[in-house]
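If you read the protein sequences in the order shown, they are chains A, B and C.
With the numbering used here applied, the first sequence covers 50 to 392.
With the numbering used here applied, the second sequence covers 67 to 401.
With the numbering used here applied, the third sequence covers 18 to 361.
No lab work stands behind these hints: they were computed from the structure.
You may find that some hints are simply not true.
Straight-line distance between alpha carbons at most 30 Å, and here's what the computed DSSO-like set of lysine-lysine pairs gives [what the hints assert, rightly or not]:
1) C/Lys248 - B/Lys151
2) B/Lys268 - B/Lys243
3) A/Lys87 - A/Lys361
4) A/Lys87 - A/Lys148
5) C/Lys248 - B/Lys85
6) A/Lys330 - A/Lys87
7) C/Lys262 - B/Lys79
8) C/Lys262 - B/Lys151
9) A/Lys330 - B/Lys196
10) C/Lys262 - B/Lys177
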Amino acid sequence: MTTTTTAPAHLHWEAKDGLLLEVEDLHVEFRTRDGIAKAINGVSFDLRQGETLAILGESGSGKSVTAQAIMGILDTPPGYVTGGKVKYCGTDLLQVPEKVRQTVRGAEISMIFQDALSSLNPVFPVGWQIAEMFRIHRKMNKSDALAQAVRLMQRVKIPAAKERVSAYPHQFSGGMRQRIMIAMAIALDPAVLIADEPTTALDVTVQAQIMGLLKELQEESNMGLILITHDLGVVADVADNIAVMYCGRMVETANVHEIYGHPCHPYTIGLLDSIPRLDMKGTVLRAIGGLPPNLLAVPPGCAFNPRCKFAKDQCRVGDAPPLIEAAPGRHSACYFAEELLSR
Amino acid sequence: MTGDVILRAEGLKKYYPIKTGVIRRTTGHVRAVDGVSFELLRGETLGVVGESGCGKSTLGRMLMRLEEPTEGTLNFDGADVYSLKGEDMRRLRRDIQIVFQDPYTSLNPRKTVGDIIGEPFEIHPDVVPKAGRRKRVQELLEQVGLSPEHINRYPHQFSGGQRQRIGIARGIALNPKVLICDEPVSALDVSVQAQVINLLEKLQNELNLSYVFIAHDLSVVRHISDRVAVMYLGKIAELGDDAQIYDHPTHPYTQALLSAVPVPDPETTRNRHQIVLQGDVPSPANPPSGCRFHTRCWRAQPICSTTEPQLVEHDDGHGTHRSACHFAEPFVPAS
Amino acid sequence: MSDPTNPTNPTDPVAPNLVAGRTTPSASMLDVQEASGATPEAALLAAPLDDGAPARSLWSDAWEIMRRSPLFWIASTLIVILLTMTVFPGLFTGKDPSRCVLDLARQGPSGDAIFGYDIQGCDVYAQTIYGARASILVGVSTTLLVTLVGVALGTLGGYVGGWLDALLSRIADMVFAIPLLLGAIVAMTTVFRTLPGAPYFVVVGKVVVVLALLSWPSIYRLMRSSVLQVKPAEYVLAARALGSKTLRLVLNHVIPNAIAPVIVVATIDLGAYIATEATLSFLGIGLQPPAISWGIAISDASSLGYVRTAPHMLLFPSLFLSVTVLSFIMLGEVVREAIDPKLR
C-alpha cells in the first residue's frame with residue numbers, strides 16, 4: 050500500500066500469483082417464517098487480478114446473496130452463512146474477527162449497488178460523503194479529504210467536479226449518482242470491486258458510459274471485478290469469465306466466448322434462445338417454460354428439471370448434479386453436458 | 067387485415083405545470099409530450115422506444131385518455147376521442163385497453179383474480195350476461211396460459227410473470243381493438259419475458275389486435291414491432307418500419323442508442339462501433355432550443371440550435387423514412 | 018453539458034417514467050437489488066403454485082398472523098367480556114347498582130360485596146359492571162363516528178385534491194392544534210353544556226360528538242395520505258381505463274387499499290376516548306350522577322380524599338378502566354403488526 054495509512058500492521062494483503070479471491074463451497078440460508086430457504090448451495094469460484102467475472106442469474110438465483118456474503122453485509126437474521134470459505138489473499142474472511150473484516154470492506158473489497166440514489170445519504174453533500182471514506186479509513190483531515198474527493202470525482206469523469214463537490218445527491222442525474230457511487234467504491238483502491246447490477250436502473254446510453262468507465266478504472270488499477278447482472282448483453286460486452294447461477298447453484302462456468310458460442314447447460318441454452326436480439330429479427334422466441342422454483346420447495350434432483358427439455362429420469366431424483374468439468378476450462382452441472390457440447 | 071388506420075394522433079402535447087412557492091404559482095412547464103403525431107394501422111404493432119423521461123409512458127396514458135391532452139387530437143376509428151363525453155367515452159374504453167408495466171402494482175391486492183378479470187364486465191354489464199361471466203373469466207385465464215382453477219386466488223399468490231398474464235387477461239376481456247402495452251415485460255425476469263412476449267404475439271393473431279408497444283428495451287421492441295417510433299424529450303425523433311429504424315437509421319440519436327446496446331454475443335458486440343453520447347438527457351422542463359438533441363449530437367451545426375427539424379421523409383440509402391434531423395443520413399463509421 | 022438535475026416538482030408526472038421498474042416496495046427480507054429490480058424475491062418464495070394452495074386474501078393472511086399471537090387472544094377475550102358486560106350487565110351481577118344503603122358506606126370488600134361499597138353505600142362491583150356501558154359506548158361510538166368522518170373527508174381530500182383538499186386540510190390543522198382534553202372541557206362547559214338531569218343517551222351523545230369533533234383530524238390526515246399513495250397505483254389507473262365510474266373506483270379500489278392504517282390507529286385511539294370520557298366525568302363535566310360510569314366512580318372515590326381509608330372504591334373502577342384501555346391498545350398493536358407490510 051502506497052499511502053500514509055494507519056491501518057493495522059498485520060493487514061498487509063497480497064495476492065499470490067494474482068489470485069485475489071477464492072470462494073469455496075459457500076452455503077447461505079434464509080430462515081423465514083415459512084421455513085428455511087437455501088439461497089446458496091455450494092458456490093465456488095476464483096477471481097484473479099484484472100479479471101472480470103460475471104455472475105449471471107435471475108432474481109432468486111442467489112447472485113446478489115453471494116456478493117453480500119463475500120462482503121459480509123448479509124442481513125442476519127434472516128440470512129446465515131452456513132458453510133464454506135471466502136478466502137481473500139489466502140485468508141478465510143469468514144473466520145476473521147468483524148473488526149478485521151471492517152478494514153477489508155471498502156479498502157480491499159468494495160461494492161456498488163443498483164440503486165445509487167438510495168445508497169447515498171440524501172442529507173449530506175456528495176463530496177462530503179466521498180471525503181468521509183478518507184477521513185475514516187485514512188484518518189485524513191477535512192481539507193485533504195475533500196481535495197481527494199474532488200480528484201476522485203474527476204477520475205470518474207464528473208464534469209465540473211470542483212463546483213459540484215458540495216452538491217447533494219438529488220441534484221445529480223442517475224448516471225452521475227452511479228459515478229459517485231463508483232468513486233466511493235474505488236476511493237481506497239480496492240483490489241476487488243463487486244458491481245451488483247450497476248446499470249440496470251440506467252438508460253442504455255448512460256449504461257454504455259458507466260460500463261466504459263468501469264473497464265477503464267479496472268485497466269488502470271488491475272482490479273478484479275465481479276459483475277452481477279441478469280443482462281446477457283452486458284456480460285457479452287465486458288466479461289472475461291461467466292458463472293451462470295440458477296436456484297442457489299452455479300450451473301455453468303466458462304470463458305465468455307465459449308459460453309455464448311457453445312453453452313453446455315440447458316438453462317444457459319434456454320436463456321440464450323429466449324432473448325430477443327437487436328441485430329436480428331426473429332420469429333417466435335423459444336421461451337423457457339415454467340417458472341423458477343420456490344426456494345422453500347426446490348424440486349429433487351436438478352432444480353431446473355421441471356423446465357428442462359432434456360431432462361431424463363435421473364435428473365428428477367437424488368441430489369443436484371455436481372458442477373463438473375465438461376471440457377478443459379468448462380464446467381457444467383448437467384449430466385448431459387458433454388452431449389450438449391457436441392451438439 | 068393490416069391496412070387501414072385505426073388510431074391517429076395529431077400534435078399531441080402534454081405539459082405539466084411546475085408549481086413553486088407557498089401560493090403554488092406556476093413557474094414553468096414540464097413538456098412531457100410535445101407534439102407527437104403518428105398513425106396506428108389495424109393489426110399492426112407500433113413500437114415506441116426511448117429513454118426514461120422521453121414521455122413515452124405519458125403518451126401511452128394520453129392514448130388511453132388517462133391524461134387529458136394540453137393540445138392535439140386523437141382519432142379512433144373515426145371518433146374524436148378527446149371530445150367524447152360520459153357514456154360515449156365509456157363505450158370507447160371497450161375498444162382501447164392497456165397493460166401496465168408493474169405486475170406488482172397493477173392488480174388490486176385485495177381482489178381475487180376472478181374479481182380482477184371480471185371487473186370489465188361489472189363496468190360494462192352488457193358485454194357478457196351475468197350468468198356467463200364466471201365462465202368467460204375462466205376462458206380468459208386459459209387464453210393467457212393460466213389454470214381456470216386459479217380464479218379464487220389473490221394476486222400475491224402469483225409470480226411476476228403470472229401476474230402480468232392476469233393483467234393481460236383483464237386488458238383483452240372486453241375484446242378491444244387496440245391494446246396499449248406500457249413496458250409490459252421490463253419488470254420480468256429474462257426467462258419469463260419471452261413467455262409473455264410470445265403470449266402477446268399469440269393474442270394479436272387470435273384477436274386481430276393492434277398494439278402500441280411502449281418499452282425502453284430496443285431488442286424487445288424490434289422483436290415485436292412492425293413499425294417503430296423513437297422518442298427523445300417528448301418528440302418523435304424517427305419513425306419507420308423495423309428494418310428502417312434498426313438497419314438504416316438516419317437520426318443520430320437512434321444511431322447512438324442502437325450502438326449503445328450490447329448484443330448477447332461477445333464476437334459481435336465487442337466489434338461493434340459504439341457511439342458513446344456525452345452527458346445526460348436534458349430536463350423536459352427546460353428542453354434545448356431548436357433540435358432537442360443538439361446538445362449531445364456530434365453532427366450538430368448552428369442551425370440545429372435555432373431551427374427545430376420536422377419529422378419528414380429522408381433518404382436512408384435503401385428508400386426513405388421519416389426522421390426529425392436537419393442532417394439525417396445513414397451512419398458511416400469514421401474509420 | 019446540460020444540467021442533469023431535475024428541477025421539476027416532486028409530483029412531476031414524468032417521474033413514474035424516470036423511476037420505472039424500481040418503484041415496487043421491497044416486500045421481502047430476501048429482496049436484495051435483484052435482477053430487474055421490480056421482482057421482489059418474496060414473489061419467488063411464493064412463486065409456483067402447487068395446485069392445492071388455498072386462496073388467501075391479505076386479510077386472511079393477517080388473520081393467520083393474529084391467530085398465532087397470544088396478545089391477540091388476551092386482548093380480544095378481554096374485549097369480548099367487556100362488550101358482553103356493556104350489553105348484558107345482568108349476566109355479571111344480580112345486584113341493582115342504584116340500590117344503595119348508606120349504612121354500608123365505604124365498607125371494604127367482603128363475601129357479600131366482593132369489591133366493597135362506595136360512599137353512598139352502593140355495591141362497587143355492580144357499579145363497575147354497569148359503568149362499563151358508558152365507557153365502552155363512548156369509546157366505540159366515538160371511534161365509529163371519527164372513522165366515518167375521517168375516512169370520508171380523507172378520501173375526498175386525497176382523491177379530489179385541489180382547493181377542497183386545501184380547505185379540508187387547513188380546517189383539520191386548526192382542529193388538530195386544540196388539545197383533546199382541553200377542547201372537550203371547553204366544549205362541554207359551553208356549547209355542549211348539559212343540564213343536570215338530562216337523559217343518559219343525550220349526555221353520552223354529547224360527549225361522543227364533542228370527542229369526535231375534536232379527533233377526526235388525525236384519521237383524516239392518515240386517510241388522506243394513504244389515499245394519495247393508493248391513487249396513482251396502476252390498478253386504479255386500470256379501473257379508470259376500463260371506464261369505471263368514480264364512486265365505484267373509490268369504493269372498490271381506493272378505500273379498501275387505503276384503510277388499513279386507519280383501522281389500526283382507530284383501534285388504538287378507542288382506548289384514548291374511553292380515558293378522556295373518564296377524565297371528563299371525573300372533572301364533573303361529562304356524565305353526571307345518577308348516571309354510572311367509571312369516571313364518576315373514580316371521581317367520587319378520589320375527590321373526597323378517601324384514598325387512604327377506602328382504597329377499594331378507587332382501585333376497582335380504575336383497574337377496569339386501565340384494562341379496557343390497554344385491551345384496545347393491545348388489539349391495535351396486534352392488528353398493526355399483522356397488516357403492516359413493512360413488518361412482514
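A quick look at each hint next to the structure:
1. C/Lys248 - B/Lys151: Holds: C/Lys248 and B/Lys151 sit about 23 Å apart, inside 30 Å.
2. B/Lys268 - B/Lys243: Judged against 30 Å, a Cα distance of about 15 Å means the pair holds.
3. A/Lys87 - A/Lys361: holds, 25 Å
4. A/Lys87 - A/Lys148: holds, 28 Å
5. C/Lys248 - B/Lys85: holds, 20 Å
6. A/Lys330 - A/Lys87: violated, 39 Å
7. C/Lys262 - B/Lys79: Roughly 26 Å between the alpha carbons, so the hint for C/Lys262 and B/Lys79 holds.
8. C/Lys262 - B/Lys151: holds, 13 Å
9. A/Lys330 - B/Lys196: violated, 44 Å
10. C/Lys262 - B/Lys177: holds, 18 Å
In summary, the numbered hints that this structure violates are 6 and 9.
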